[in-house]
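Novice: Listed below are the residues making up each chain.
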Amino acid sequence: MMKTTKGPAVIIMKELCKFYEMGEEVVRALDSIDLDFMLNDYAAIMGPSGSGKSTLMNIIGCLDTPTSGRYELNGQNVADLNDDALAVIRNREIGFVFQTFNLLPRLNCLRNVELPLIYAGVGPEEREERAAEALKQVGLGDRIKHRPSELSGGQIQRVAIARALVNKPSIILADEPTGNLDTATSHDIMEIFGKLSDAGNTIILITHEEDIARFTRRIIRLRDGKIESDSRR
Amino acid sequence: MKFRETVIQALSSLAVNRLRSLLTILGVAVGVFSIIAVMTALDAVDKSVESGLTSLGANTFQIQKYPATVFGGAHARNIYANRKDITWQQALFFRKSMENSARTIGFVITSQGARAKYGNIDTNPDVVLTGGDENFAASNGYAVQEGRNLGESDIRYARGTAVLGRELRETLFPAGGNPIGATVKVNGEVYTVIGVFEKKGAAFGQSQDNFVLIPITRYLDHVDEKSSIAITVEALSRSDYPHALDQAIGSMRSVRGLGVTMANDFEIRTNESLIDSFREIKIAISTGAFIISFMALLTAGVGIMNIMLVSVTERTREIGIRKSVGAPRRSILRQFLLEALFLSLAGGVIGIFTGIAAGNLVALQFNLPPLFPWVWTVVSLIVCSAIGMAFGLFPAWKAAGLNTVDALRPK
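Residue numbers (the numbering used here), protein chains in the order written: chain B, 1 to 233; chain F, 1 to 411.
If you are wondering where the hints come from, they were derived from the structure by calculation, not from laboratory data. Here the structure is a predicted model, which is why all the values come from computation and not from measurement. There could be a bad hint or two in this list.
No more than 20 Å apart at the CA atoms, straight line, and that leaves these computed lysine to aspartate or glutamate pairs for EDC-like [said to hold, decoys possible]: (1) B:Lys-168 - B:Glu-128; (2) F:Lys-398 - B:Asp-64; (3) F:Lys-398 - B:Asp-83; (4) F:Lys-2 - B:Asp-84; (5) B:Lys-14 - B:Asp-80; (6) B:Lys-168 - B:Glu-129; (7) F:Lys-398 - B:Asp-84; (8) B:Lys-14 - B:Asp-224; (9) F:Lys-96 - F:Asp-240; (10) F:Lys-65 - F:Glu-272; (11) F:Lys-2 - B:Glu-128; (12) F:Lys-199 - F:Glu-146; (13) B:Lys-136 - B:Asp-188; (14) F:Lys-2 - B:Glu-129; (15) F:Lys-2 - B:Glu-126; (16) F:Lys-2 - B:Glu-125.
Isolated chain F (complex conformation) (with noise of 0.2 Å):
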């Protein structure tokens, strides 16, 4: 018998039993939607994920109380939430002992959810208030668009002087009109806009550009004195760089008091690190997908042999017509085979479409262009077809086996 009639003949009995086969269908979509949306949005993320994670400057790293990412749930975030602070005091014996060895080193504090205010003009409570000094913008890759930025004596004498990232002053000032020298309020305290800092883009959809900055001392006297401060280091040059982070960490270490047999309660976070902290992430992700859809599949699989069983069951009878009428054993095989097939690459295809649909989703979210992700689309037929042959296989043998005679018996 020719392909094509065992093709339709496969495709008409699934159609008989649309429910039955709907079902299992949606069985191996599943497995694969599972695996297709998470690798579609990951690999999203992963192509704007070096330019976004690239957010310190050249030959620049930091010393900070937490690392970029936390794994291991309560106890290891734990370890980390037990260190001291980094306080002021260190900050400034750090930046004393390392005087000759960087060309900048900068003292940063941030919080969250700060609410700035303008006249009659008031932000949602999302802006990011920075404590920084004349470094931050250099380290941190910010440039000044309008006025200046903080200088050492803001610093020295603590001023309520601030630089308006670049969305903030968008907000703030609508109108366009010159914000230098306008008074502004941050979760109540009085500052005076002296700069503006331009647009740097947003990372993982994280706008970068909706923060004021005012001089760390400020903040240490007036927000918040018991905040670790992040230490920003830019070493002389390219080739300094390992000297300077060997160098840090040594004085980090007087700094903080540690003896030589006890760890650092500190972490430096460089460019590298924060990218390989994300592969980290990439690769926890897809291995729990991958396990995931894997067992899904497993089970759908599972899910094809026992219906396909059952339709063996059921069609015994035309089973037996086709063979007394010459059907030879490999037709009647292929075309119980086909059947599975159909059912297992129809839920691959449904799975596939949803998948990326999702994981696009996903990559929409975090304003990522999309994808189509043709390797794991490959992956995943190949995987489909394999399931479908390996778990159609059996039925289709036992159907092909049957003795003729028997099928053809009234029950």
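Extracted from the complex, chain B is given alone in its bound form (with noise of 0.2 Å):
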């Protein structure tokens, strides 16, 4: 293992690639990434539009699989197992906060919240207490009956930050999570990860704006495909 500075590793990727066919040509996405994240790293993925870091992302997230290469999260190879097996472990491994908030508009922010501990067959009274701490500890204890439309924006990304939290995951995967909010907004919300960081969470976020990425302690810039640089603070 390479780059080892504290903590057993988290996500292990080695000659990671992924491949799109766009007609005749092949489009190489990801080109050989070798990465790791250890326990309670805060990360930030950077890099221009076409660099790749979605699909990294995706394939971080379980949303996507790999081309070839090996995935490991957790010390489980997830780079070849079908789509329910890795419903599975989204469920409870990964906790998603979006750049588009993508939280259910007919449900209250408890319901929005809960909607992970639902898929993990958590029952309806721990469930509810659950999401309600979690609610908490975004600094929205006294919204949990508010459905995300009597929101603003910045309360709207931390009910999903609070949604990407109940479930305990081992990373909390943001994609440009700040970018649909204002600049004092935004640096709210990176507190938010700073706090959850410090709480020993594993935090890894994809931003193209160089004063979020500040907030991190690493940052991983991609171009191409590939790791340009790997820096940490």
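Assembly of the complex is requested from the two constituent chains, each provided in isolation within its own frame, with the hints serving as guidance.
Specialist: Dropping the structure here:
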């Protein structure tokens, strides 16, 4: 294992490739990536559009599988699992935060945060308790009965973070989490991520904004499907 | 995910698009309604048909120009209409030739819509005017309650005498009193009441007691001389019944002057033939209802599929979100399948209840007791479930198979 600084590795990627066929042409979205993430890492993946960062994020999040190479999550090789097995991994190991929030508009905050627990088979009472706790953690303890449409952008993203937290995942994966927010709100959100990191969570976020990336402790830059640089602070 | 959660999810999704769900449900409801309504009504009628149609007396059959029911429209109708009437002369010849083969032979002519009058009491024009002979009462199961029946001399001399049905007696003599010897007018003709029949009750909601019986000879002389006569034959005994039937057909053929190669130009009505012809009607109606319902349900099923496909497209993002937080394929599949199932079952339940209500309304019209068609209810629920499942499967399968990354991508 390389670049081991502290703690055991949560994610190990070896010669990871993802190719897309676009007609005659083969697009090398990810070209032989070697990358590890340690427990309590707080990393930003950066790169211009087309650099492969979204593809990498989808593979890390088990939404997609690599064309070749090895991807170990918590010691389990997930590179060639089927759709349903990946769903179980997503449910237990990964908390997503999306740029477009992706809450269900019909459900109130509590029900939205409960969603991963429903699929984990947690009973209604425990579910409610844990969802309320997660909402309290992001500072929305008094908004649990509100629907997303009754909240501001920053608040909605905090609900989404609560949803990502609620299943106590191995990693929290955030795809441009501040992309739809103004600067002040963005910094609020980044503060929450900072606190979560201090609490021991492993966080990977994707961004193309330098001032957002500066909140993290590690910056990985991608270009043309390859790692251009990987620096820790 | 637990089944209960899936049910709640499916129901709340349907609740969001209330109007759309309702219209889809309506499609199923119409299909189920038509079959349940028809079957309830038919079952109700069927319950009373045996007693209602056994109007002829024991060991009795009737020879007539027309069959009990005519299938097949104008052409079929014309075949019977073009037959020659059974005349008084033919009837008399027939009786002569059957003299030793039957216990009684009665003649009868009926016409509907007569109006009877006594003093200043006038009936509606719904009285049945029957021209008959002394055997009419026995052959048709009427017993004399007051006074006397028609006698042979009434027939021979074409007397202006009349025996009243129980209901007509009550209409004309509401205060009770003694009707015997009273003078009543029927369609302007004057008759002297000589008797009253006992109440026979209703068949198919039709009273069988709102009639007046006059001598058939009087009928031919004063009411209508060109009527086809129905001949009622009572066999000597139960065992002699088939023999009497054969003999009657032979006699009638010779009376009507039919050659050996010619078909009968008259019909034999028995209690069995009446019930049989009802069964024929019943089968025809239920087959029709079944086909219509099947078509309607098929259309409703296509409607369900259509609406579910729209729903899947609209909720692509939702599906993506659910999958991203760990929903397995089967959970998505189950959710959409349940939605389709609820739509069709809700339609089914509405159709069943409105259908039963409508069917029983028909039963009520015929004075029949209400009933609950268990078999058809269960069949409908099963068929609805099958339709919901069958037409919901493809959209649900499509939803479950969506690629999570594509589903989450903003449009």
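Novice: Each of the hints needs a verdict: does it hold here or not?
Specialist: Hints versus structure:
Distance check on the hinted pair: B:Lys-168 and B:Glu-128 sit about 15 Å apart at the alpha-carbon level, within 20 Å; holds. Between the alpha carbons of F:Lys-398 and B:Asp-64 the distance comes to roughly 18 Å, so the proposed pair stays at or under 20 Å and holds. Simply put, F:Lys-398 and B:Asp-83 have alpha-carbon atoms about 14 Å apart, close enough for the 20 Å limit, and the pair holds. Between F:Lys-2 and B:Asp-84 the alpha-carbon distance is near 16 Å, which keeps this suggested pair within the 20 Å criterion.
Between B:Lys-14 and B:Asp-80 the CA atoms are separated by roughly 14 Å; this keeps the pair inside 20 Å, and the hint holds. Proximity of B:Lys-168 to B:Glu-129 is assessed by CA-CA distance (about 14 Å); at most 20 Å being required, the pair is judged to hold. Our distance criterion of 20 Å between C-alpha atoms is met by F:Lys-398 and B:Asp-84, whose separation comes to about 15 Å. Taken as a hint, the B:Lys-14 and B:Asp-224 pair is honoured in the structure, with Cα atoms around 17 Å apart against an allowance of 20 Å.
Proximity of F:Lys-96 to F:Asp-240 is assessed by CA-CA distance (about 18 Å); at most 20 Å being required, the pair is judged to hold. In summary, the hint linking F:Lys-65 to F:Glu-272 is supported, as the alpha carbons are separated by about 18 Å, within the 20 Å threshold. Between the alpha carbons of F:Lys-2 and B:Glu-128 the distance comes to roughly 16 Å, so the proposed pair stays at or under 20 Å and holds. Of the supplied pair hints, the one linking F:Lys-199 and F:Glu-146 holds, its CA atoms being roughly 12 Å apart against a limit of 20 Å.
Of the supplied pair hints, the one linking B:Lys-136 and B:Asp-188 holds, its CA atoms being roughly 15 Å apart against a limit of 20 Å. For the hint linking F:Lys-2 to B:Glu-129, the alpha-carbon distance of about 18 Å falls within 20 Å, and the restraint holds. Pair hint F:Lys-2 plus B:Glu-126 holds up; C-alpha atoms about 15 Å apart against a cutoff of 20 Å. Distance hint between F:Lys-2 and B:Glu-125 is fulfilled; the C-alpha atoms sit about 14 Å from each other, no more than 20 Å.
Figure legend: structure checked against the earlier numbered hints; every hint is met.
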